[in-house]
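Student: Here the structure of chain B is known, so what remains is to put chains Z, D and Y in place on it, guided by the hints.
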Amino acid sequence: MTRDFVALDTFPKILRDNAAIFKGRPSIREKEYGIWQITTWNNFFDKALLLAEGFYNSGLRRGDKIAIIGDNRPNLYLAIASAQILGAIPVPCYQDSVADEIQYILEHAEAKLAVVENQEQVDKLLEIKEKLPLLKNIFYSDPRGLEKYNEKIVFSLETILKNSKEIDVDLDQEINKTSKDDISIMLYTSGTTGRPKGVLLSYNNIISVTSVACEIEKTNPDDEVVAYLPMAWVGDNIFCVAQSYISGFCINCPESRDTLTLDMREIGPTYYFAPPRVWEGMLTQLMVRMQDASKVKLWVFNFFMKTAKKWGNLILDKEKVPFAARMLYGLGYFLIYGPLKNNLGLTRVRMAYTAGEAMGPDTFLFYRSLGINLKVLYGQTEATVFVSLHRDGDVDPNTVGPAFPGVDIKITDGEVFYKGPGVFKGYYKNEEATKETIDKEGWVKTGDAGVIDSNGHLKIIDRAKDVGKLNSGNMFAPKYIENKLKFCGIIKEAVAFGDNKDFVTCFINIDLEAVASWAERNNVAYSGYIDLAGQSTVYNLIASEIDKVNRDLSQDTELNDSQIKRFLILHKELDADDGELTRTNKVRRGLISERYGMLVDAFYNKENHCFIETEVTFEDGRKGSISADLKIQDMNVYDLKDQVA
Amino acid sequence: MDWWFFLEVFIGGLLSGVMYSLVALGFVLIFKASGVFNFAQGAMVLFAALTFVRLLEMGIPMLAAVGVTMIIMVILAIAIERIVLRPLVNQDLIILFMATIGLNYFIEGMAQLVWDSKVHVLDLGIDEYDAFEIGEAFINKFDVYAALIAGGLVLVLSLFFRYTVIGRALRAVADDHQAALSVGIPLRTIWIYVWSTAGLVALVAGAVWGSKLGVQFAISSVALKAIPVLIIGGFTSVPGAILGGLIVGCGEKLAEVYLGGFVGGAIENWFPYMLALLVLMIRPEGIFGEKIIERV
Amino acid sequence: MFYREAGQFKTSYKKDQSILPIFQDRIAMVAMLIFCFIVIPLFANDYWLASILVPFLALSLAALGLNVLTGYAGQISLGTAAFMAVGAFAAFNLQVRVPEIPFLIAFLWGGFCAAGVGILFGLPSLRIKGFYLAVATLAAQFFIEWLFTHFDWFTNYSTSGVITAPPMTLLGMAIDNPLSKYFLVLSIVVICAFFVRNLARSEIGRAWMAVRDMDIAAEAIGINLMKTKLLAFGVSSFLCGLAGALWAYVVLGTVEPQAFDIARSFEILFMIVIGGLGSVSGAFLGAGFMILLPILLNNVGSLITGGTISTETIAHIEYMVFGAFIIFFLIVEPNGLARLWQTGKEKLRLWPFPY
Amino acid sequence: MNDQKFVDRSEVMMNIKDINLSFGGLKALSGVSLKINKGEVLAIIGPNGAGKSSMLNVISGIYVPQEGEVEWKGKLRKKIAPHDIARMGIARTFQNIALFKGMSALENILTGRNILMKRNIIMEMLYMGLGRSQEEKHRKKAEEIIDFLEIQSIRKMPVSRLPYGLQKRVELGRALALEPELLLLDEPMAGMNVEEKEDMCRFILDVNEQFGTTIVLIEHDMGVVMDISDRVVVLDYGIKIADGTPDEVRSEQKVIDAYLGAG
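Chains as they are written, first to last, in the numbering used here: chain B, 1 to 645; chain Z, 1 to 296; chain D, 1 to 355; chain Y, 1 to 263.
Just chain B, same shape as in the assembly:
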């Protein structure tokens, strides 16, 4: 279905249109009280209008900011829509950020209202209320535990929806007033360094990019997507909200965090985005579960997995495949692939994306071989996501695909630059940062180092600023090495060092689940993470993986110096609550290298163990400290020559 997005140039207008053309069709479902409660496009729109009145009454005007904090809930999406109707700017925040992170954002954004999910968030806001003079009201979606609050500024969304008073503006006019260059939404990038920056995206940005994406994938009103990505992340706003607006498909909100997988299975989305770690997690889990299967079953499984590896991708890419192979694959599909996808809830997936980090080629190909059309895209909040994207039949696990239609990519001294319709309007209240990022010709600096390969695919190597030099003068791309390590499945995180050093070393975080099950199978006794991480058997396990990586690296002319000479396994998991990871779980290199400085020194002072004590934050927010005496292990490295030999 092609629609005229010249006339329908803002979300409020599209929504109004959807309410008419998709009347009675589901716009959003939420699993609540055991069933999937439907909100149709028309009553989503009606509710949005009611809520808009309510917001207007509590003083929300054109250009004002309204903070949105919480898990993916229909009411919060509703709030975004209502704000947009009034021409206000929604500012979603990560629901798990701590109070002062939120405080910074609300302060910086000068938010007038906040719409939050539940008591937890309300408490967070009340705690910092004094510091936010501009914040007039807080609205909550889930009343649980909030009845007794007699704060003057806290209200339930329901109350608004029930008793909204007449207002002196005609919302229909308000909708007409919205124009394509208005700011649609403001998203704070978590930023691996420094304070988060508010990225301003116009309706034009989002709609132009998204409509193209919908064209490419032929999304239609019958598609299903599960909304589980943080609302503050650009992905959720594009893959769920924007695309559902444009193609009229339904957003499904899971019942709760711990029912996500169940709910995924029930819905069976046709359109699924997940960051690599989710895909990898699924795969490890799957393999772990299969370990306990009966011999016969395991044999069948492995046999058909081989078959899939051999033919799956070719079949998916519509290449010529011998009839026998097709038959065999078909049988495999009935016996293994089908049920497997069914168990993962991926049976109906038409299009699957991953992005944000590099993904292990094996993992990537595994899913494709099952017939899941998994593709990599490369993007940024600043680009309204899409910079490059794999296309059907043109997929390469080592790249992030060719440039997205309408986007130009150039590489200047190793760094990737792009320009296109999705390029953001600038950082909120941060001119110089904006200037730094967008140059006069409109090229946006990604901060990523990459190359364009022979068939026009973009290949990302690392964060540009992280790419350093070894004393040998050779290039040192930590992220590239770390990813190679992480692909093995038993390494959760890795942090490589080597800039201005003689050789490369790295910290390892073992993947507890995977290693634990390995330990069980090889009956290695352990009392907990720290203990397990310290075990010499585990060290050897990791060492063998690193050795593989070293061999691999040694074949690469530019990177063979980057082989890992020494490593240690950290006694704690790197954690966002300790600031070691970003909210999107990227390692904060700088912070880590200073917090664990002594360990790094130990690497290069040829010590073979090092005692360390670190402060940690527990689940419940309490602080504590754990200490351990970490063993440092040496690795042997390979030269180009003995590869040839």
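To spell it out: a stretch of chain D is covered by chain Y in this simulated footprint if at least three of its residues, at any positions, have a beta carbon under 8 Å from a beta carbon of chain Y; those stretches are: (1) 207-217; (2) 222-235.
Taking CB as the label site, the calculated pair distances span: (3) D96/B x V190/D: 53 to 61 Å; (4) P143/B x L130/Y: 28 to 36 Å; (5) R86/Z x P143/B: 51 to 59 Å; (6) R86/Z x N20/Y: 42 to 50 Å; (7) L260/B x P158/Y: 20 to 28 Å; (8) L260/B x L33/D: 34 to 42 Å; (9) M32/D x R77/Y: 53 to 61 Å; (10) D96/B x R82/Z: 55 to 63 Å; (11) V332/D x A99/B: 53 to 61 Å; (12) D230/Y x P143/B: 22 to 30 Å.
Because the hints were derived from the structure by calculation, they are not lab data. No experiment lies behind these values; they were computed from the predicted model shown. Positions of the beta carbon are idealized from the N, C-alpha and C atoms, including for glycine.
Tutor: Then chains Z, D and Y, alone, in the frame of chain B:
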């Protein structure tokens, strides 16, 4: 009304009642020790009797036959403990009950497969038609002897319970399994003992019934007779079993003679049950049974 | 392996609580009904229909009845055959006294009479439990058997003491050949099974199971034990009565009270123990098992011994095998074939994963 | 559920006047008097064999004391059939979990709704009309409880497969399904780990706050109870030795002795 006749019927009832008690005894033993209502007791009676009579027919002397049969019953007991009870230990009583129904079928089948299903005459050297005369009442001698045998067995058993270690252990088990273990005899051994003893009782009952009715499949149905006896006497008391037997015995005889006529006779099949039901409604745990208290 | 549940999400309680929520199960059910109503009639010969399928269905119904009482409500009964007898004789008598009554009405009447008697003998269940209750039901067994044997009125004073079922006609068609009988029984059984399933998943079924699983707790949440148990007795006996009527009218034709002796009661108890306590499918699986096993034994027996083996011996072996199976199931799978079926299904749903 | 937000805690719901209870000679409770105020969380504590369970059973009406009387909402209470207790608005949980093992968590909670359903065998048999509509209506209610207790993920699991803590939670859910005015908890935290205990406390308080349910719980260790109860009553050898706010009770010499005595 002819009082002599009444007396005759009454005593006759008492005596046949003793035989019910004999069968009931087997139930009580096992129930006391393992809380299992052993529906297979009837089949055990049949099996014992058949084995015994066939051995005699093979020309084996009486005592030897008794001995061999006993050994076989013990083996059976051990087998049951191993194959049936052990896996079902601390299951619902109702499950165990149904298991013994299965066991009942199995043993019945086995008994007739190993031996055969013909009717065998078992002669214990007692004339079945001779009778004592008391006034105008005739008391069947056979019944009297049977009663004596039964009485003797009961006496032996109660002595056994009172004065042997095993016996005491058994009593202990009945009260409380932990206590039994503290006596120092593993539960399983105890069960084997109990089932063996039940086997012995079965043998005696089988012999007596057999020589009265002839050894045949029908014997196994005396178990069904014994159930109301238990209900009335209570599952956990030996004296109860005796008394219950007597009550049922003369109850059904009198009912048959004095009521049967009006309702077309053959009421002794169900009369004991109605009696039992009556008792149940008034005193669910039977006359001598210990009260079952449920903890809230 | 066959399951593809992804995408089968429920948007209303109506859908979520439907009798077969999973699409693939609905398919299977339809397939089975087609098989029973179309395929079997097309291919089965009279021997199969008359002497295997029809008896099987009739006994399944009885087993279903007992399963309501023992499987769902947890009240054991050894008097099933008696309740069947009541059904049979009541139906018969109604038609004898009031000839123009259609037999279906007579069947219902039989069912209700059985229900009445069942409730009567269920009264003790308020005071007594477990095998004490079994005794009460045994009383019913013996009493009723005796009643029908010794009062000619019930057999309409027939000299032989047997009843002969009047011919059945439905909408003008005589139901006299195996096929028509098969359809009749099948329809009745299917309907009853459906009703029981519905009861089981409704408030009544939960009350029954609550009483079965933990009667003290059941009382504490306001469930009236007496009403619940008696209702179970009523429904159960109704079904048994109906089964009895079918047994008399459709299977045997001429019946003597001994056709409903205690052995029959045990047979049906075995069916649900082996088939599976507390499940509708269990009744059918168990009945099938109990019907087919003897036939199997016979054939196997004659195969091995070349036909020299005596029927008597077979009968004894049958006893042993049944006994052994009962014990086996109680030990290995107290929930019977139905549970095995369930676990198999679960495995299929999880396939290829082990859990 | 009855959302009565602000409850007047002065109103007496149950008034137990010096009762004596004994089983065949041995005294379980002697001369105990006790007021239960509407909307409060009352803890009855005491060492083993102090008569806590007996007290609970007197309150629930299963035991009828030989002497003394029990007033329920100002009216003298006579002996009642066990299944009518629930109808009076009193629900309870049991010390050692008494769930219906053959059912799922959802079914267990639904069974708690049975009392509020109408029985119509025909309709239930056909699963039509009332038979169906009430199933759906009460399913909604049950789901609200599931949501409230945060057990969505185990909704359809057979309870026998659930870990101990969750089973306790389901049992609480079943009791809540009755929409009771008075909720009796028999050692709700027995055998729980710290985390589970914290959860349970949270739920107990939430129940009390959101539905205004009066809660009486008996516990054997003082620890947790003190934090969540408005009032604490201490029993020892069937005699009430203390009655007051947690702090008052804590400082009570008799209590300390009793506990040290009991070890």
